[in-house]
Amino acid sequence: MVSVCFYFQVHQPFRLRKYSIFDIGSSDYFEEKHHLKLNNEAVLRKVANKSYLPANKLMLDLLKRHPEFKLSYSLSGTVLEQLEKYYPEVIDSFKKLVDTGRVELLSETYYHSLAFLYSKKEFKEQVNLHKEKINDIFSYKPRVFRNTELIYNNELAQFIEGMGYKAILAEGWERVLGWKSPNFVYRPKNCSIKLLLKNYKLSDDIAFRFSERSWEEWPLTADRYAQWISAINGNGECVNLFMDYETLGEHQWHETGIFDFMGKLPEELLKNPDNNFKTPSEVADSYKVRDEIDIPHFISWADLERDTSAWLGNKMQQEALQKLYNVEKIIKKNSNKHLVEAWRKMQTSDHFYYMCTKWFADGDVHKYFNPYDSPYDSFITFMNVLNDINLRLEDKKRGD
Amino acid sequence: MKVLMFGWEFPPYTSGGLGTACYALTKGLARNGLDITFVVPYLPEDQKVEFVKLVGANTIANITIIPVNSTLTQYSTFESYEERIAKLKSGLRDLYGHNLYIEVIRYSIAAAQLASQYDHDVIHCHDWMTYQAGMNAKEISGKPLIIHIHNTVFDRSSLKPNEIEYQIERMGFENADKIIAISNKIKNTLVSKYGIEPNKISVVHWGIEEEDPDYHLEVKKPFNTKIVMFVGRVTLQKGPDYFVEAASQVLKYEPDTRFVVVGSGDMLPRIINRAIELGIIDRFNFTGWFSKRDVYKVFKLADVFVMPSVSEPFGLVALEALKNNVPVIISKQSGVSEVLKHCLKVDFWDVNELSNKIVSVLKYKVLYQELKNNGFNEVNKFNLDEPAKKVITVYNEARQW
Numbered sequence: 470m471v472s473v474c475f476y477f478q479v480h481q482p483f484r485l486r487k488y489s490i491f492d493i494g495s496s497d498y499f500e501e502k503h504h505l506k507l508n509n510e511a512v513l514r515k516v517a518n519k520s521y522l523p524a525n526k527l528m529l530d531l532l533k534r535h536p537e538f539k540l541s542y543s544l545s546g547t548v549l550e551q552l553e554k555y556y557p558e559v560i561d562s563f564k565k566l567v568d569t570g571r572v573e574l575l576s577e578t579y580y581h582s583l584a585f586l587y588s589k590k591e592f593k594e595q596v597n598l599h600k601e602k603i604n605d606i607f608s609y610k611p612r613v614f615r616n617t618e619l620i621y622n623n624e625l626a627q628f629i630e631g632m633g634y635k636a637i638l639a640e641g642w643e644r645v646l647g648w649k650s651p652n653f654v655y656r657p658k659n660c661s662i663k664l665l666l667k668n669y670k671l672s673d674d675i676a677f678r679f680s681e682r683s684w685e686e687w688p689l690t691a692d693r694y695a696q697w698i699s700a701i702n703g704n705g706e707c708v709n710l711f712m713d714y715e716t717l718g719e720h721q722w723h724e725t726g727i728f729d730f731m732g733k734l735p736e737e738l739l740k741n742p743d744n745n746f747k748t749p750s751e752v753a754d755s756y757k758v759r760d761e762i763d764i765p766h767f768i769s770w771a772d773l774e775r776d777t778s779a780w781l782g783n784k785m786q787q788e789a790l791q792k793l794y795n796v797e798k799i800i801k802k803n804s805n806k807h808l809v810e811a812w813r814k815m816q817t818s819d820h821f822y823y824m825c826t827k828w829f830a831d832g833d834v835h836k837y838f839n840p841y842d843s844p845y846d847s848f849i850t851f852m853n854v855l856n857d858i859n860l861r862l863e864d865k866k867r868g869d
Numbered sequence: 026m027k028v029l030m031f032g033w034e035f036p037p038y039t040s041g042g043l044g045t046a047c048y049a050l051t052k053g054l055a056r057n058g059l060d061i062t063f064v065v066p067y068l069p070e071d072q073k074v075e076f077v078k079l080v081g082a083n084t085i086a087n088i089t090i091i092p093v094n095s096t097l098t099q100y101s102t103f104e105s106y107e108e109r110i111a112k113l114k115s116g117l118r119d120l121y122g123h124n125l126y127i128e129v130i131r132y133s134i135a136a137a138q139l140a141s142q143y144d145h146d147v148i149h150c151h152d153w154m155t156y157q158a159g160m161n162a163k164e165i166s167g168k169p170l171i172i173h174i175h176n177t178v179f180d181r182s183s184l185k186p187n188e189i190e191y192q193i194e195r196m197g198f199e200n201a202d203k204i205i206a207i208s209n210k211i212k213n214t215l216v217s218k219y220g221i222e223p224n225k226i227s228v229v230h231w232g233i234e235e236e237d238p239d240y241h242l243e244v245k246k247p248f249n250t251k252i253v254m255f256v257g258r259v260t261l262q263k264g265p266d267y268f269v270e271a272a273s274q275v276l277k278y279e280p281d282t283r284f285v286v287v288g289s290g291d292m293l294p295r296i297i298n299r300a301i302e303l304g305i306i307d308r309f310n311f312t313g314w315f316s317k318r319d320v321y322k323v324f325k326l327a328d329v330f331v332m333p334s335v336s337e338p339f340g341l342v343a344l345e346a347l348k349n350n351v352p353v354i355i356s357k358q359s360g361v362s363e364v365l366k367h368c369l370k371v372d373f374w375d376v377n378e379l380s381n382k383i384v385s386v387l388k389y390k391v392l393y394q395e396l397k398n399n400g401f402n403e404v405n406k407f408n409l410d411e412p413a414k415k416v417i418t419v420y421n422e423a424r425q426w
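Protein chains in written order, with my numbering: chain A, 470 to 869; chain B, 26 to 426.
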């Protein structure tokens with residue numbers, strides 16, 4: 470039996486507006502009016518119309534048509550907050566999906582942050598904030614955890630086990646798996662929770678290669694893809710297909726046929742009685758642990774490197790992150806809720822991704838979409854805002 | 026392949042980027058095995074008396090330099106030419122054209138005669154004053170004419186483009202077998218303002234000398250004051266006024282900063298007056314014209330180089346700054362911004378954004394370091410071979426035309 474396990478990541482950051490040295494003194498950090506690429510409401514509406522709404526409609530339809538179909542989502546706190554504010558219809562459509570009882574919601578940091586790398590205390594607080602948010606909106610309690618950008622190591626797994634989760638997700642990268650297949654359930658080193666590994670080849674066939682005309686499998690059809698999955702029967706128990714939800718309609722445009730492909734896939738998969746669908750916690754419950762996986766260093770699902778260099782590979786990123794977490798104690802002592810929130814919104818990994826200079830000169834726009842003119846511009850904006858926060862903290866201290 | 030090239034000045038006697046760029050291209054072509062006969066206007070009465078000797082002593086393989094007696098200089102205008110000719114002794118004056126356009130024609134006839142003396146396969150011209158010479162040479166030898174465009178009349182004039190220069194340019198473009206533009210920006214101007222067929226134009230961005238002893242000058246900074254640097258003709262196209270306005274904003278945030286303006290030009294008095302008006306003249310140094318070596322010495326002291334050009338067909342000096350380990354801020358309107366990534370870019374008119382970026386480079390040390398290091402790595406990918414190879418491709422296309 471092969472269980473297909475879909476997990477889609479739904480996330481949007483609060484982008485910082487163009488904030489120059491002359492703006493220091495004003496606290497509207499996230500309210501861009503002129504540059505559309507930085508206008509959070511405009512971006513959200515665009516993505517929702519192109520991706521979230523049509524994709525949710527399709528998924529609801531598939532759930533109705535196929536009682537066997539199941540899937541899971543991880544929705545960051547920052548996207549939920551923006552959807553509530555700018556586009557509540559999208560929240561309603563997600564609720565309908567969850568109400569079917571066949572959609573699992575995963576746990577993550579509220580601010581889609583890198584907090585685990587800088588402050589365990591902050592990390593735990595953000596995981597709990599996210600838990601509350603999911604409970605408030607969906608009356609749902611997640612039992613499986615995935616960290617921002619699938620950043621993962623042994624220590625994280627232990628920490629998550631300590632927080633009471635039954636399973637955790639990670640990238641199924643052969644550099645750490647060796648001869649082991651990602652199509653089984655494992656156990657992190659010195660842990661008893663389950664470890665689910667992404668089958669990145671099959672995931673990326675949809676997420677990255679689907680519309681690539683130079684790919685020898687183009688155009689990919691649902692029946693051929695279903696055959697590849699069926700072929701795993703006999704040497705695997707689960708196929709974990711993890712990807713950004715924006716794959717449907719935003720990364721792969723409607724015109725590429727991505728919605729038709731997804732619409733036919735469950736039917737094609739179910740033609741083979743040896744295939745079924747499971748959510749991450751069902752996979753964790755159904756299959757035995759095959760081995761222990763030792764991942765001492767951080768890995769992620771990003772780039773060919775599968776490391777953390779896209780967010781902390783250069784000095785600007787390291788400086789920005791360090792300076793940001795340096796103020797944790799003092800900002801938490803400060804009773805101003807808005808300032809703490811702004812500080813947390815600045816922890817979202819996207820801000821550091823925009824500062825990435827790897828391959829920047831190669832002009833690979835697909836890999837490094839950046840709403841700012843350059844990584845340097847994004848650093849300048851970030852540091853100017855952080856300066857404003859610091860000035861406010863100093864003012865407050867003087868006032869006390 | 027043999028090239029008959031009509032160019033301008035040769036180092037060390039250069040007054041701008043064009044001389045440096047032509048020299049670099051010639052060197053790149055020579056390295057790729059081409060023979061170049063390089064024709065330059067030259068006035069023995071000028072201080073350039075030792076020019077021929079100097080060229081002779083520094084002869085680079087495959088390059089022959091032919092000076093042709095003329096009062097033309099690279100950035101001549103109708104007015105500046107009159108000033109120049111007025112300074113000559115009366116007997117000498119009669120040898121040359123009494124105005125710029127007459128001199129261009131006189132020079133063209135003299136220079137084109139060389140086409141019958143020097144064997145060549147292609148004719149290559151740089152900028153409007155040599156187009157007539159190139160066309161005359163083509164008539165004599167029947168070889169293909171390649172026109173290389175570094176700027177057009179729209180880049181040179183601040184207000185109304187000069188009609189005569191426009192017509193000479195258009196005639197040159199129409200008569201050329203192939204055109205080389207130094208940026209997409211220039212190519213677009215040719216298509217939109219001169220009605221030239223786009224497929225006749227190849228874009229070849231400039232490269233820069235990979236090695237130069239002057240990149241390694243040892244200059245110690247005697248103080249901690251931060252230095253912001255401007256290099257170029259102090260004229261409207263280069264945006265020196267935006268530099269001064271930005272300086273006054275920057276000083277509010279980073280008071281321990283000095284601003285160095287290297288270069289001279291018609292706008293210098295206006296710029297000095299504006300700095301006085303703003304009460305920041307004591308934060309400025311105006312150095313006048315500097316040799317390349319002296320410019321590079323200032324680079325060694327500078328914390329950031331700013332090129333706020335209103336119009337900049339390419340902007341080679343930005344690459345020179347990076348070669349000298351200085352982070353650069355360039356205008357989005359410059360040709361070099363089409364190819365350079367590791368730098369900061371601003372719209373030239375956006376003084377607030379320019380100031381924001383200058384302050385940021387001075388204030389955030391890691392930003393300074395990353396721009397400097399990544400910019401240096403990136404500029405090392407620019408060399409003389411790439412552009413030379415592209416130019417050779419254009420020569421071959423022109424010969425099969």
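Calculated from the structure, these hints are not laboratory results.
All residues carry an ideal CB built from backbone N, CA and C; glycine is no exception.
Possibly wrong hints are sitting among the right ones.
[Stated by the list, open to error] Think about it this way: if two alpha-carbon atoms lie no more than 30 Å apart in a straight line, the pair counts; the simulated BS3-like pairs of lysine-lysine are: (1) A:K798 - B:K366; (2) B:K325 - A:K502; (3) A:K827 - B:K366; (4) B:K325 - A:K506; (5) B:K210 - A:K487; (6) A:K733 - A:K515; (7) B:K325 - A:K784; (8) A:K827 - B:K357; (9) A:K784 - B:K277.
[Unchecked claim] Reference excerpt, derived from the structure (chain A facing chain B, CB under 7 Å, subset only): (10) F491; (11) I493; (12) S496; (13) F499.
Do the hints match the structure? See the list:
no.: 1; hint: A:K798 - B:K366; in the structure: violated (38 Å)
no.: 2; hint: B:K325 - A:K502; in the structure: violated (41 Å)
no.: 3; hint: A:K827 - B:K366; in the structure: holds (12 Å)
no.: 4; hint: B:K325 - A:K506; in the structure: violated (38 Å)
no.: 5; hint: B:K210 - A:K487; in the structure: holds (27 Å)
no.: 6; hint: A:K733 - A:K515; in the structure: holds (25 Å)
no.: 7; hint: B:K325 - A:K784; in the structure: holds (23 Å)
no.: 8; hint: A:K827 - B:K357; in the structure: holds (22 Å)
no.: 9; hint: A:K784 - B:K277; in the structure: holds (27 Å)
no.: 10; hint: F491; in the structure: holds (6 Å)
no.: 11; hint: I493; in the structure: violated (9 Å)
no.: 12; hint: S496; in the structure: violated (18 Å)
no.: 13; hint: F499; in the structure: violated (19 Å)
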